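Chemist: Given next are the chains, with one letter for each unit.
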Amino acid sequence: MRALLTGADSATFLEVPAAEFAAPLLAELVGELEPAESGSTLGPYRILREIGHGGMGTVYLAERADHQYEKRVALKILRAWDAANERSVRRFLEERQILASLDHPDIARLLDGGVTAEGVPWFAMERVEGVPIDRHCADMRLSIEERLELFCRVCSAVQYAHRNLVVHRDLKPANILVTAEGAVKLLDFGIAKLLGRDAADASLTGTAELVMTPLYASPEQVRGEPVSTASDVYALGVLLYELLTGRYPYRVATREPHVVARAILEQEPARPSAAVRNEGDVAASASAATTTSPPQAVSPAKLARRLEGDLDTIVATAMRKDPARRYATAEQLEADVRRHLSGLPVAARPDSRVYRTQKFVRRHRVGVGIAAGVALLVATFAGVTTVQSVRISRQAQHIAIERDHAQQVSSFLAGLFQTSDPYAGPGILTAREILDSGAVRVYRDLAGRPEARSRMLLEMGRAYFGLGVRDRARRFVETSMAIRRRSSPEDRTALAETLDFLAVVLLEQGELESAERASREALDLRRQLPGASRDLIGSLNGLAAVLRAAGRFRAAASVSTEAVALDDDDAESLEGLAHAARELGDFAGAERLYARVLQLRRQALPEEQPIVAASIINLAAAIGSGDDPAGADSLFRYGLALKRRLLGDTHPDLAADEVAYARLLHRVGRAGEAEQLYQRALQTARQRLPRAHPLTATILVGLGELRLDHRASEHAEPLLREALAIREAALPRAHPHIGEAEQFLAAAAFARGRYSEANRYALWRLHLLRSEYGDADPRVQAAFERVAALYEVIAQPRQAARYRALLAGGR
Amino acid sequence: MPARLRAYEYRRMESEHDITGLLLAWRAGDGEALDRLFPLVYHELRRIAHRQLGRERAGHTLGTTALVHETYLKLIDQTRVQWADRAHFFAVAARAMRRILIDYARRHRAAKRGGAAARVELDDATFLADERAHTLIAVDQALTRLSGLDERLVRVVECRFFGGLTEEETAEALGVTPRTVRRDWVKAKGWLYHALRE
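These protein sequence lines map, in sequence, to chains A and B.
As numbered in the working numbering, the first sequence has no gaps in its residue numbers, which increase by one up to the final residue, 811.
As numbered in the working numbering, the second sequence has no gaps in its residue numbers, which increase by one up to the final residue, 198.
Hints were generated in silico from the structure; no laboratory data involved.
Be careful, since some hints might not be right.
Pair by pair, the computed Cβ-Cβ distance ranges are [unchecked claim]:
no., chain 1, residue 1, chain 2, residue 2, range
1, A, Gln676, B, His43, 51 to 61 Å
2, B, His69, A, Asp103, 49 to 59 Å
3, A, Gln676, B, Arg109, 55 to 65 Å
4, A, Ser156, B, Arg107, 37 to 47 Å
5, A, Gln679, B, Thr144, 55 to 65 Å
6, B, Leu73, A, Glu511, 23 to 33 Å
7, B, Leu73, A, Arg721, 24 to 34 Å
8, A, Arg688, B, Thr177, 45 to 55 Å
Selected chain A positions facing chain B (in silico; Cβ < 10 Å) [stated by the list, open to error]:
no., residue
9, Phe13
10, Leu14
11, Val16
12, Ala18
13, Ala19
14, Glu20
15, Ala23
Since the model is a prediction, treat every value here as computed from it, not as a measurement.
Just so it is clear, CB atoms sit at the ideal spot from N, CA and C, and this is done for glycine as well.
Let the hints inform the model, and build the full structure from the sequences given.
Modeler: As structure tokens, then:
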């Protein structure tokens with residue numbers, strides 16, 4: 001079923017503008033949009049064609065346009081998309097900086113750099129024409145000695161970088177070219193790192209490391225731990241292994257990243273001599289065979305004897321899992337190879353077996369960080385798939401087992417992730433990292449498993465949402481949804497669950513119509529399902545929340561009432577009803593309901609929970625709005641202190657509560673404190689929320705109202721205007737809160753003697769209220785009175801009388 | 001460098017006049033003018049779209065209305081045109097927008113087929129993108145079929161769906177009443193809905 005058609009009928013179909021509909025597509029293309037077209041010029045260079053793209057830049061072949069030199073260069077431009085991202089720009093400039101600091105004949109040189117007319121940075125590098133080192137060795141059928149010589153040149157280039165405090169981090173044959181003249185050239189410092197930078201920088205490239213194919217990654221890189229020059233030494237070890245044996249050191253069935261990553265962490269590679277001697281290995285690792293061929297013109301047995309001893313030990317030392325036990329520098333590695341070449345004893349010593357085993361076990365018990373734990377979990381999840389999918393055709397039973405397993409892992413992961421939601425308990429600092437690393441793997445590793453993938457994407461969407469990474473949460477959920485609709489539309493429970501959460505995400509992003517559509521679809525599905533009233537209640541509560549956000553409080557109240565009827569001890573349903581009651585002006589009812597909600601929550605949860613604190617504040621606000629504003633004060637302060645302790649000082653949720661308390665302070669005449677609190681909340685909102693967030697508008701209205709009451713209307717007006725602008729953009733047309741801003745703008749205009757303007761605002765507010773609540777509503781009645789009074793002020797008694805008549809008739 | 005800048009500025013000015021002239025010629029009944037106008041609008045719209053995408057951080061969305069208006073302001077010499085010309089320009093821009101989005105969708109599909117090294121983005125939503133590309137292309141093809149039956153319905157869809165124009169703007173651009181636009185829009189959506197269902 002087409003995306004446009006799912007969940008749509010012919011009335012809503014095509015109502016999303018095409019460009020918005022295409023957003024996921026654009027998101028993907030945006031990285032590929034050519035920042036420069038061929039034939040265009042950058043500084044003195046003319047672009048000829050694209051020759052590749054790396055982490056965040058596109059590389060073009062270019063030539064000097066001014067014919068000063070007939071020189072071709074490789075020109076790297078930051079992708080337009082990344083140019084908008086400060087961190088990417090910094091990262092890109094860092095690569096440029098790194099290249100500028102390196103001046104070595106065997107490292108591709110930086111020639112020039114600048115920014116385009118649109119401010120996108122670029123740089124020109126020496127254009128290297130050559131072949132990857134492994135292919136060069138194979139093509140030229142180099143002998144062991146020739147290979148070792150070439151390897152030594154690579155080592156000294158790497159050593160040069162190390163001496164300049166640069167770790168390459170991505171050494172692999174594709175980045176080590178040999179030119180037609182036989183010179184070695186090191187390329188691509190795209191993820192290289194300047195040593196001694198602060199920790200903040202590590203995060204810059206953390207994801208890049210996770211994304212790359214880890215064939216040459218060291219165990220510490222796989223685990224996401226800090227890298228050092230020893231990481232490059234490790235990669236050089238793998239390279240040497242391949243050059244000597246023609247084979248990748250680990251036995252891996254496929255090159256899928258999770259398979260390789262696991263091998264790197266867990267396997268001890270066979271010694272190079274054993275690898276070439278054992279003919280069986282050739283078949284076993286065929287799928288992972290490198291493009292290298294073993295040194296020519298020798299039999300496997302002869303080659304094995306040649307490798308035995310020194311070379312085995314050198315390779316093993318370079319490739320040790322513990323970075324501290326490798327050669328400390330590329331220079332030491334090179335020195336040992338040279339000693340071997342000149343027949344001198346090498347410095348490296350083989351590991352004792354006991355030592356090896358001890359280390360291995362210890363590391364795997366405790367050494368694996370949480371991130372790696374998740375990575376492995378997902379890997380297991382995927383691993384089960386691969387192995388078992390073979391058997392599925394044989395035994396249906398296996399499918400059930402696999403399902404169970406997937407479910408287990410999934411809920412385990414879900415549990416891990418949910419800890420990053422502050423409402424579910426104390427947070428883990430690295431939650432975002434766990435998630436990011438999991439994201440890559442889930443996406444890739446579960447490709448053939450729509451069911452599991454959809455499930456995982458949903459869980460991760462939840463987790464991202466909990467972390468406040470809202471746009472990413474949305475994309476995960478939407479993707480989950482799309483997969484679900486296509487692969488298993490018959491699983492209505494899962495579909496409804498996904499829709500429920502999608503509604504939450506959309507609601508948060510202010511897309512109320514879409515949220516309502518998703519919510520109603522979920523509800524319809526739930527109603528068709530037998531039993532499971534718990535889930536039905538959840539969907540009802542979701543819909544009620546959407547309706548409240550749209551300002552349709554009466555509709556929300558009736559939905560909440562249905563939920564309460566299903567279970568009158570469900571705190572969430574009761575709370576929904578309470579919110580609606582409060583908005584509809586029934587403060588006593590709201591107070592009663594909030595009190596019950598708090599009671600239920602305190603029974604179920606310890607006091608130190610954000611949700612308990614929220615219940616306390618809700619109750620306080622209801623009490624404060626009713627007859628006893630002063631009585632709410634202590635409850636408010638207790639709730640706020642509790643929440644501040646749990647969420648920190650600048651959580652947007654806290655700002656919402658501060659506004660509620662500020663409003664109370666205003667009501668009881670403590671204007672100074674109220675002003676202060678509003679200011680604080682406003683500051684939080686401006687820092688932590690998107691620019692035009694409804695909460696910001698609420699704060700502005702509150703502060704505006706306060707200033708108006710204290711005859712500072714000229715300071716109130718700009719606030720109110722801003723609030724109105726936000727609300728008009730963010731809320732549906734008929735939302736009563738829009739009328740609220742108008743009411744105060746009317747008052748401000750009135751205070752400054754602009755009576756006609758005040759009347760216009762008042763009329764518009766009346767119009768909004770009337771269409772929502774009907775003429776008998778007290779708010780509408782009050783608005784009639786205000787409008788009538790304003791007409792009297794501007795000397796239009798006939799109009800005034802009309803509204804007075806409505807007032808009389810209404811009562 | 002300054003010399004080159006001046007040359008560029010000069011070219012830009014010249015093409016600006018061209019485009020305004022073409023728009024006026026087309027309005028005056030010169031059918032060929034549209035054929036020459038279209039690629040110029042397409043190019044500029046695409047350029048501005050790219051810049052917008054490059055600038056936009058989170059949403060990856062193109063604000064169609066802003067895009068079309070910016071293109072108009074950029075290309076058309078305001079002193080030489082009348083209010084009604086603006087609407088006609090919008091209709092051309094809407095059609096160009098259709099082409100641009102369909103180009104993106106095709107490009108997306110071609111990239112999939114070419115098996116370009118499957119780079120995994122952290123927040124990859126390839127699947128969703130696949131679906132969207134697929135649907136857009138299906139809509140485009142259905143529109144092409146529809147143009148054999150009722151050309152005006154196609155224009156309405158271009159203006160409303162691809163160009164993001166309001167009912168009034170669409171009416172002005174096509175020289176019909178807003179009521180006709182509303183009726184056509186419902187009819188076109190119904191037709192497309194069933195065409196895509198099949």
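Chemist: Now, for every hint given, state plainly whether the structure supports it.
Modeler: Hints versus structure:
no.: 1; hint: A:Gln676 / B:His43: 51 to 61 Å; in the structure: 55 Å, holds
no.: 2; hint: B:His69 / A:Asp103: 49 to 59 Å; in the structure: 51 Å, holds
no.: 3; hint: A:Gln676 / B:Arg109: 55 to 65 Å; in the structure: 58 Å, holds
no.: 4; hint: A:Ser156 / B:Arg107: 37 to 47 Å; in the structure: 44 Å, holds
no.: 5; hint: A:Gln679 / B:Thr144: 55 to 65 Å; in the structure: 59 Å, holds
no.: 6; hint: B:Leu73 / A:Glu511: 23 to 33 Å; in the structure: 29 Å, holds
no.: 7; hint: B:Leu73 / A:Arg721: 24 to 34 Å; in the structure: 26 Å, holds
no.: 8; hint: A:Arg688 / B:Thr177: 45 to 55 Å; in the structure: 48 Å, holds
no.: 9; hint: Phe13; in the structure: 5 Å, holds
no.: 10; hint: Leu14; in the structure: 5 Å, holds
no.: 11; hint: Val16; in the structure: 9 Å, holds
no.: 12; hint: Ala18; in the structure: 5 Å, holds
no.: 13; hint: Ala19; in the structure: 4 Å, holds
no.: 14; hint: Glu20; in the structure: 6 Å, holds
no.: 15; hint: Ala23; in the structure: 5 Å, holds
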